[in-house]
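Each chain, letter by letter, is given below.
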Amino acid sequence: MKPILLMSGWKIRNALRTTFSDPRKYGPLIFFTLFILGSIALTTFGFNSVPVDPANGRAINPEILRAITTFCMILLGLSVIDAGLGDQLLAFPMSDVDYIFPSPISRRIVLANRLPALTIGAIFFGGMVLIVFSSVTRFSHSTIPTHSHYSAPGWIPTVALIASTGTYFNLAMFVSIMVPNRSILHRYMIGVFVALGASIALIWWIRGASTLVSIANSNWVRIPFKPSSLASDILVAGFNHQPAYRTLLYLLIGYGVSLIPLFVTNTNWYEQSIASAERVSTIRQAAKGGLAGVMAAKSASFKHKGVKTYTVSPFGTGAMALFWAHLSAAWKKPFANFIAPAIGGIVLGFLAAAISAKNNSALIGIGLLAGITAYLTLFFMQIARTAAESSIRRRELLSPLPILGWQAVLANLGVPIVAFGLFCLGAALAYSVTGSQYWSMLAVAFVVFMPIRMASRMSLQYVVILGYPDLADKLQQVVSNCVYGVVALPLIVGEGILLIPSLILRSIWLGIFTLTIVQIPMLVLTLYLAGKASEKAIATGEPVNLWRLLSRQA
Amino acid sequence: MLQILSLTKRFGAMTAVDNLSFSVNSGEIVGLLGPNGAGKTTTIRCVASLLQPSSGTILLNGHNVADDPVAAKRTLAFVPEVPNPYEMLTVMEHLRFIAAAYRMEEDLVHAEEILTRLDLWDKRNDLGASLSKGMRQKLACACAFIHQAQVFCFDEPLIGLDPKGMRELKSMMMERRAQGNAILISTHMLDTAERLCDRVIILKKGQLIVQGTVSELKSQLMSSAESSLEDMFLELTEGTPAA
Chain P
1 MKPILLMSGW KIRNALRTTF SDPRKYGPLI FFTLFILGSI ALTTFGFNSV
51 PVDPANGRAI NPEILRAITT FCMILLGLSV IDAGLGDQLL AFPMSDVDYI
101 FPSPISRRIV LANRLPALTI GAIFFGGMVL IVFSSVTRFS HSTIPTHSHY
151 SAPGWIPTVA LIASTGTYFN LAMFVSIMVP NRSILHRYMI GVFVALGASI
201 ALIWWIRGAS TLVSIANSNW VRIPFKPSSL ASDILVAGFN HQPAYRTLLY
251 LLIGYGVSLI PLFVTNTNWY EQSIASAERV STIRQAAKGG LAGVMAAKSA
301 SFKHKGVKTY TVSPFGTGAM ALFWAHLSAA WKKPFANFIA PAIGGIVLGF
351 LAAAISAKNN SALIGIGLLA GITAYLTLFF MQIARTAAES SIRRRELLSP
401 LPILGWQAVL ANLGVPIVAF GLFCLGAALA YSVTGSQYWS MLAVAFVVFM
451 PIRMASRMSL QYVVILGYPD LADKLQQVVS NCVYGVVALP LIVGEGILLI
501 PSLILRSIWL GIFTLTIVQI PMLVLTLYLA GKASEKAIAT GEPVNLWRLL
551 SRQA
Chain S
1001 MLQILSLTKR FGAMTAVDNL SFSVNSGEIV GLLGPNGAGK TTTIRCVASL
1051 LQPSSGTILL NGHNVADDPV AAKRTLAFVP EVPNPYEMLT VMEHLRFIAA
1101 AYRMEEDLVH AEEILTRLDL WDKRNDLGAS LSKGMRQKLA CACAFIHQAQ
1151 VFCFDEPLIG LDPKGMRELK SMMMERRAQG NAILISTHML DTAERLCDRV
1201 IILKKGQLIV QGTVSELKSQ LMSSAESSLE DMFLELTEGT PAA
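Protein chains in written order, with my numbering: chain P, 1 to 554; chain S, 1001 to 1243.
Bound-form chain S, shown alone:
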């Protein structure tokens, strides 16, 4: 569903993403891990067509993002790291706008369910300006789930959410996975990635250093079966041996 082929993104002399290739298949949640500055957000922004790749190809459901961005983005839901809602739109108007932008025929049939699960139903008539940081995050997630996307890209979606919100969001992601959607999550929360993701990709300085299921990586890279993803991550990215 999502294929990234030899993606390179340079900002001047700095290479943020270097010849990166991976794919996210239907019914799969893939975690994009890496220290700060590893290129996770840049990769996700390239997928969302917010950044122009220096070279390489991104295919969303078969559509090349560079050649046919509108068709490609029709299948994509994107949640940025720090969402900025429209101050003068209510929560419900955000959803209506997204429905119109994605040309949804069935008008917001799931809105009440999604907003209720994310604790936003009571705030459906509140303006974006009045929402707290966590609520803004939830609103961005609600907008992502409201349309019939096939590929989801989340950039640090759990930051700022309360425990109930985190649980609901994870459960909604798993439901989408069961429906056959492809989900790419960039996160620093390694324990969550370990439990939620089918595969993880670890980036360092823009390059893919390892990918696979958590158990595969453990068996390949760690001497102890009790080692956690955190131990593995630190050893790969910082050279710190597992405790």
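Chain P with its partners taken away, still in its complex shape:
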């Protein structure tokens, strides 16, 4: 253990030195870590310590809360075990593979060296659950009248969540080192995961909360998922004013017991670890080439039955040829790039219609659809970001092409725009075929307004990314994200202002029409700016100054 401890000490010392001399390298990581730990500490000590007056707060039934928490903790535990079936837990850094694995340090000690990483994972995920739980139950009180005062989470739930998640992490690590063909089990696990989530949602939908509570309390759930059920007991103990020390003790014992199999086995897991480490290293390398690169690398790591041909005939000239090349690359993973967004849209469209019908209010369903779409927008923007970053990496390939700047931007962003368009089309079609209230408005908003707005935002983000072209500089990338947020915020506020007449006149059609009309010149402008920026940045490799670009247009 001593050599590894020595080395870890040197690594930490050198990383701190590097951080102080060049904060760009580890500064964002340290900031993020402190932010997460600070949030967990704030939640643990006193953030929720304000007593809630039963007359003002929201009433929560502790039994239903415990059932929901139990199922959430089970899903978290299963997802952690699923991580053990993937590569992440067993993938040691390649330097460990080259220097520690061949050295006379026993495998148990090498494994013990992994424990801090597992504990950090447990603190992170446990902390996230704590923060979400506290946010949801804040200003709430129990429906049990005699126990109407919600006590602060304190340190017990925090330790309980870390112990519960840590137990699952230890089990996941054990699965990692004992199961050679993990990728097959990983696929089954995803199936179990989806089926469980869907079953919980269906039971809630059809049979109501009481059935969910009785299932959560049954031994079928409590025994196999003991760490989850004990952690849930502790989380809701504040609502029942029940002592939680003994439950915490059981959880800590369980955590200790879960460490035993890890250190009893003498399996030579180096071979599996090296395979994982090499796969993760390849994927990280491929990530520099954008999302398509990651998908291709992941795809190559799976064994396919038969031969899969990737050849798509070339089509078009100039920018169309470039767009077609991106489309052909994305077609190598048709499910992820095209089919999943379309199916996702269709499922959400039907779900929104069903919720509207169940609640006799179209606004609830449409609100849910809009909320999820807004969240997914962030995901599609991230895909567009990697597409823009890939264009910087392929600068030497792109710069000699005789294509106008705006055409190149449109070609590079083509795949994420098409994917988002398919999502919107799927949602609009599904909602419309049900004939739900406001279907025509929703169809216009999703088929016309949303794709144009998304293309405009992606173009704007493209300009900002070209302003910070050093992709290896983490600080630049954080700043780039912030700058995009600052630039996009006035546009969101502007859209809000444009909606005021439609709110006054109570006309949704007017709102949709106004926003759509405004998006068209906006798209032209952002595409033009992105084109100009692209012509400069892709040709010279120099960062683009957004203000100079705007003032030159002015």
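Below, in silico cross-link-like pairs of lysine to aspartate or glutamate (DMTMM-like), each with a Cα-Cα straight-line distance of 20 Å or less:
#1 P:Lys11 / S:Asp1126
#2 P:Lys11 / S:Glu1087
#3 S:Lys1204 / S:Glu1230
#4 S:Lys1133 / P:Glu278
Derived from the structure by calculation, the hints contain no laboratory data.
Chain P is fixed; fit chain S onto it per the hints.
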């Protein structure tokens, strides 16, 4: 010192190494040759206990690698094909770590000499992240020579080295041979193997097709005494007759 007995390694349906047996004796440099995919790296990785053999036995200085890996590896120095140093460790800290891992009592007495010979002494306080590809290779070699190993396994050690580095490394290998160490080198550089190795083993599709000293193999297999190891290698592995 190094004995490989009936080693077989399968990856699923693919047999990478098939019933391979050979030994490397004390004071001997043995070259492991073969085309890409012949099983050279797999064999060396099995010796370093990085891969679990499907069957067969590997003995390092009398210790069975499968039964007593820690004792076996204490006598082994391994240099991978593409070394990845710790980005946040300096060159000297790499050596200190290896010294601690191998429980060296005499703390880095040869460090300055080894690093100087490999042109790394001036970079001893540089982080691994700042080293070039060739320097990384040299660092891995320095780590191999710093402890008192008895068996050395090098996987393509000369790739990426400058001419001076190559010469120093070869000379260090020959010194170790003179001290009675056993050295196994996997390489594609046939002219180097011809000059450096006492014996060569040629693998093809995981199987040993021929082994012996270069002169023995020439006399057995080639019609012309002027034929090189390269001619012999191509004829054995590709069926291409000597020019």
